[in-house]
Amino acid sequence: MSPKYLEGNKMISKDLSIEFLGVKFPNPFCLSSSPVGNDYDMCAKAYDTGFGGVVFKTIGPKDYVVDEVSPRFDSLSKESTPFVGFKNMEQIAEHSLEENLRDIIRLKNNYPSHVLIASIMGNNEKNWEDLARLVDKAGADMIEMNLSCPQMTSHAMGSDVGTNPELCESYCRAVKRGSRLPMMAKMTPNITDMVPVIKACLRGGADGIALINTVKSVCNVDLEKHVGLPIVDGKSSVSGYSGKATKPIALRFLSQIRQDPDLKDVPISGIGGIETWRDAAEFILLGASTLQMTTSIMQYGYRIVEDLSNGLMHYMEDEGVDHLSELVGLASSSIVPAENLNRDYIVYPLIDNDKCLGCGRCVISCYDGAHQALSFDEKERKPVFDKTKCVGCHLCAMVCPVGAISKGEIVFKPGRTKKEIKL
Amino acid sequence: MENIKAEKTMGVKEVIEEASRCLLCLDAPCSKMCPAGTDPAKFIRSVRFLNFKGAAETIRENNPLGSLCARLCPVEKYCELGCLRSGIDHPIDIASIQTYVTDFERENNMQILAKGVPNGKKVAIVGSGPSALSAAAELAREGYSVTVYEKQSKIGGYLRYGIPEYRLPTNVLDYEIERIKNLGVQFVLNKNIGIDIPFSEIEKSFDAVIVCLGLGKGKMIPPFIGKENVITAVDLLSKLKEGEIIELPDTVLVVGGGDVAMDVITSLKNKGVKKVVDVVYEEMNEFKASNKEKEIAFPLVDSLICGYIPTNMTNNEVEFKHRFIDSTLKIKADLIVLAVGQEVESASLPFVFKKGEAERYSEKVFFAGDIAHDDKSVVAAVKTGKEAAENVAKILGGK
Chain A
1 MSPKYLEGNK
11 MISKDLSIEF
21 LGVKFPNPFC
31 LSSSPVGNDY
41 DMCAKAYDTG
51 FGGVVFKTIG
61 PKDYVVDEVS
71 PRFDSLSKES
81 TPFVGFKNME
91 QIAEHSLEEN
101 LRDIIRLKNN
111 YPSHVLIASI
121 MGNNEKNWED
131 LARLVDKAGA
141 DMIEMNLSCP
151 QMTSHAMGSD
161 VGTNPELCES
171 YCRAVKRGSR
181 LPMMAKMTPN
191 ITDMVPVIKA
201 CLRGGADGIA
211 LINTVKSVCN
221 VDLEKHVGLP
231 IVDGKSSVSG
241 YSGKATKPIA
251 LRFLSQIRQD
261 PDLKDVPISG
271 IGGIETWRDA
281 AEFILLGAST
291 LQMTTSIMQY
301 GYRIVEDLSN
311 GLMHYMEDEG
321 VDHLSELVGL
331 ASSSIVPAEN
341 LNRDYIVYPL
351 IDNDKCLGCG
361 RCVISCYDGA
371 HQALSFDEKE
381 RKPVFDKTKC
391 VGCHLCAMVC
401 PVGAISKGEI
411 VFKPGRTKKE
421 IKL
Chain B
1001 MENIKAEKTM
1011 GVKEVIEEAS
1021 RCLLCLDAPC
1031 SKMCPAGTDP
1041 AKFIRSVRFL
1051 NFKGAAETIR
1061 ENNPLGSLCA
1071 RLCPVEKYCE
1081 LGCLRSGIDH
1091 PIDIASIQTY
1101 VTDFERENNM
1111 QILAKGVPNG
1121 KKVAIVGSGP
1131 SALSAAAELA
1141 REGYSVTVYE
1151 KQSKIGGYLR
1161 YGIPEYRLPT
1171 NVLDYEIERI
1181 KNLGVQFVLN
1191 KNIGIDIPFS
1201 EIEKSFDAVI
1211 VCLGLGKGKM
1221 IPPFIGKENV
1231 ITAVDLLSKL
1241 KEGEIIELPD
1251 TVLVVGGGDV
1261 AMDVITSLKN
1271 KGVKKVVDVV
1281 YEEMNEFKAS
1291 NKEKEIAFPL
1301 VDSLICGYIP
1311 TNMTNNEVEF
1321 KHRFIDSTLK
1331 IKADLIVLAV
1341 GQEVESASLP
1351 FVFKKGEAER
1361 YSEKVFFAGD
1371 IAHDDKSVVA
1381 AVKTGKEAAE
1391 NVAKILGGK
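Going down the list, the sequences are from chains A and B. Going by our numbering, the first residue of the first sequence is number 1, and it counts up by one from there. Going by our numbering, the first residue of the second sequence is number 1001, and it counts up by one from there.
Misleading hints may appear alongside valid ones.
Straight-line alpha carbon distances no greater than 27 angstroms define the calculated DSS-like cross-link-like pairs of lysine-lysine that follow [said to hold, decoys possible]: (1) 1292/B to 1032/B; (2) 126/A to 108/A; (3) 1275/B to 45/A; (4) 1032/B to 1288/B; (5) 1227/B to 1154/B; (6) 1181/B to 1227/B; (7) 108/A to 24/A; (8) 1332/B to 1294/B; (9) 1330/B to 1274/B; (10) 1204/B to 1275/B; (11) 1332/B to 1227/B; (12) 355/A to 1013/B; (13) 1227/B to 382/A; (14) 1013/B to 247/A; (15) 387/A to 407/A; (16) 176/A to 108/A; (17) 1013/B to 78/A; (18) 1241/B to 1292/B; (19) 407/A to 1013/B; (20) 1364/B to 1376/B; (21) 1288/B to 14/A.
Which residues of chain A face chain B? A partial, calculated answer using Cβ under 8 angstroms [as the list claims (entries may be wrong)]: (22) 219; (23) 223; (24) 226; (25) 278; (26) 282; (27) 304.
Calculated from the structure, these hints are not laboratory results. Every residue gets a Cβ at the ideal spot worked out from N, C-alpha and C, and that includes glycine.
Hey, can you work out the whole structure from these sequences and the hints?
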C-alpha cells in the first residue's frame, strides 16, 4: 500500500498538550527517571514512539561511583499475571556526568519541542547546586530532584533524605541557587505523612511535586535456598517496589495532598503503576498534570504510549473536553476524610439468577469474609440471600466471576433522614 | 435457522483474558499474515490495554469490512497460523477478539471511516460483493465519487445470498453496507451490466471501472449434469436464505468438503432434514473446510465419507468409487446437493477469462474478487478490492 493511501487515516485526534510548571508538554506522558531513560538512544526512541517528555535517569555528583549488582530485578506474580509488582535494585545513572550532559544537549538539539527533565541527586548542598547549574547549561527544560530513591548505598542520598523536611528544604534552596529552571521534588512513599516534606520543599523553592518514587520492599524469598530474591551471591536487599500494585499507594498520596488547603493547587506529576489510559485518567482526575512511567515500559516497551494517548483522546471525547487541563483534579474533592462519609444507609446486593452460573464463590466469601448473609441452595445451585444478616459490603459482587451481582435496594438505618443517594 | 449459534461471543472479561494470552511479539507474525492487511497484533495490544475504541480504529483503518472478516475468515490459515502462542498451547482466538471489538464499535455507533474531500473523479464498480465493498470504501475515503452496479435487488453478493445467517447475521452485513453508504457510495440495484447497460457505456462515463465478480455460479459435474433432483450448493443456499424453499425432503446427499459444503450441511440440519450424508473427494488429512466450519458441521452431519468420486447417477441413486482403494459406494437420497466448486458468470461481459481469472482488458478497467489473481476467500476479496482501489488511485492521481 502506497504511503499516500495511508492518509485516509481516521484515528481520533485530540490535543493532549498540557502546561506544567510553565513548560508546554506535547502530551502528559513521560518516562520516569529510571532504567528506561538511560541514554540518548533510549530517550530518542521514547520521543519517536510518542512520549511527550523524558525524565532522564538521575545524574549524581561527579565523584559518586555507581556499582551495580547482578541480577537486580524481581517481580511479584498472582495467578498467571506477572509484574503485578516489580522490584528494582538499580541505582542512578551509570554513565559519567560528561556523557549524560552530552546526551541531554543532543536530545534538546534534536527534539526541541519535546520536554527534557533532568533528574539530579546530590549528597551535599554544593553538589546539588552544581548539578542544577550543569543540567541548566546543557539545555534541560526542567529539573526533578530525586530525594527518594530507596536503593542508594549512601544514607546521604536517596529516600532517607526524602523523609527529612529540613534536609529537603536546604537541598531545594541549593538547587534554586544553581538554576532558575522550573523544579519539582520527587517524593518517597516510605513515610507516614508526605505533607510536611512537600511543604518544606515548597518553602525551599520547589515549583511542583513528583510522586511517588518506589516503595521499600522484599518481593519474594527462595524457599530452597532460604534467600530473598533476587539472589546476589547468597544475599538480597530491601529495594524499591513499583508497578500496578503501587498505584493505590500513589493515588492515596495524591488525593491526600489535595485535601490540605495549602496544597490544593500545587502542580503534580503523577507516578505509580500507570499502564493503561484508564490509569492515566485516574491520576489526572485526582490532580496530576503530567504522568511518568517505568515498570509498564520495562514489561511492554515504549509502545504502551500509543494506547495511552489514543485511549486518553477517546476519553476526552467522551467527557466532552478539548483540553486535558479541564480534567485535572475533577475527582479530587470526592476523596474526603472517612468521618465525612454518609453512614445513614445500606445498599443491598441484587443477584441476577439468570446470569449466575452457580459456582457459589459469593457464598464462600460472604461466610468466610463477611457476614454470613448468603447460603447455598444445593439443589438449584443458587445463592440464597438473607437480608437480616447483610451489611451491604458487596464482597459478593467483587468475587462473582460473571458480574451477576449489582447494587439493589437502598435502606436507611433506623432514625436516619432519607435523602437521595448517589451510588 | 436460529437454533444453531456459530457466534460464541465473548464478554469483556473473556476478551481481556484472551488478549492477555497474547505474547505481544516484536514484529508480530500474525499481522504479517493477513491478506487484507488487518493488524491483529496492534488491535490485540489495544484490547490488552483496555483501549477498545483504539482497537476498533485499527481494525477499520486497515480493513473496511473488519466485522465480516472477523466472522468469515479461515483464521487458522492466516493470522492464527502465525501466532507464536502455539509454542505454549494454542493460538490466540483472534477472530473472537475481532468480533468483540467490531461489535463494540457497532454498539457504540462509532463512525471511524470518513468520506474524503471530493476530487472530481468518478469510478464505477460492477458487483457489490466483498471485493466491491472493500474497493468502494477505500475509494470513497480518498474522495472519489463511487457508483456500484448490482444486478440483484440487494447489496452484498455472495455475502448476502451465499453465506448462511448463522455465520453472518444479516444485521451485521446491513450495518457494514450502511456505513459504506455513509461514505457517499451510490448503489444502483437491479442493473445487470452487459445486459441492462452496455459495458462500453459504463467505461465511457467513468474515469475508471472496477469489475468485482465472484464465482457466483455453482459448478455442475458429470454424472449429475441434466439430472433431476440435483441442485448446486450456491442455488440451494441462496434459495434458503431468501426463504424460497419451505419444504425439504427427508434425505439429502451432499457432494463436497469445502466451506460451502459445510454451510449446506449446517443449513439443512437447521431446517430439520432428517438424514444428511456428505461424500467428499478429499481424504480426511486433505479436508478443505476451515476449522470453524468443521466445528459446526461435523456434529450435525449424519454420515461423512471421505475419498470417493461420483461415477454414475441413476434415478436418485449415486454411485461412487474410492480414489485409492478398491471400493464402491451407492447412496440414494431425495435430493443431491453439489458443492464441488464455483465458476464465474460473465457471459454478458466482454472479458477473457483464463482459469477463472480475468485477463487485462484496458487501461482504466481493473478486476477484483474471485476473478482477480488470488485466493478465493472473503479476506482475499477484501485484499483484491483494496488493491484495485489503489491501482485506480495510481492512474487517476488521487486527490
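Against the structure, the hints come out as follows:
no.: 1; hint: 1292/B to 1032/B; verdict: holds, 22 angstroms
no.: 2; hint: 126/A to 108/A; verdict: holds, 26 angstroms
no.: 3; hint: 1275/B to 45/A; verdict: violated, 63 angstroms
no.: 4; hint: 1032/B to 1288/B; verdict: holds, 23 angstroms
no.: 5; hint: 1227/B to 1154/B; verdict: violated, 31 angstroms
no.: 6; hint: 1181/B to 1227/B; verdict: violated, 43 angstroms
no.: 7; hint: 108/A to 24/A; verdict: holds, 14 angstroms
no.: 8; hint: 1332/B to 1294/B; verdict: holds, 24 angstroms
no.: 9; hint: 1330/B to 1274/B; verdict: holds, 19 angstroms
no.: 10; hint: 1204/B to 1275/B; verdict: violated, 53 angstroms
no.: 11; hint: 1332/B to 1227/B; verdict: holds, 14 angstroms
no.: 12; hint: 355/A to 1013/B; verdict: holds, 14 angstroms
no.: 13; hint: 1227/B to 382/A; verdict: violated, 59 angstroms
no.: 14; hint: 1013/B to 247/A; verdict: holds, 21 angstroms
no.: 15; hint: 387/A to 407/A; verdict: holds, 13 angstroms
no.: 16; hint: 176/A to 108/A; verdict: holds, 21 angstroms
no.: 17; hint: 1013/B to 78/A; verdict: holds, 17 angstroms
no.: 18; hint: 1241/B to 1292/B; verdict: holds, 20 angstroms
no.: 19; hint: 407/A to 1013/B; verdict: holds, 20 angstroms
no.: 20; hint: 1364/B to 1376/B; verdict: holds, 24 angstroms
no.: 21; hint: 1288/B to 14/A; verdict: violated, 47 angstroms
no.: 22; hint: 219; verdict: violated, 21 angstroms
no.: 23; hint: 223; verdict: violated, 25 angstroms
no.: 24; hint: 226; verdict: violated, 31 angstroms
no.: 25; hint: 278; verdict: holds, 6 angstroms
no.: 26; hint: 282; verdict: violated, 12 angstroms
no.: 27; hint: 304; verdict: holds, 7 angstroms
The earlier numbered hints that this structure contradicts are 3, 5, 6, 10, 13, 21, 22, 23, 24 and 26.
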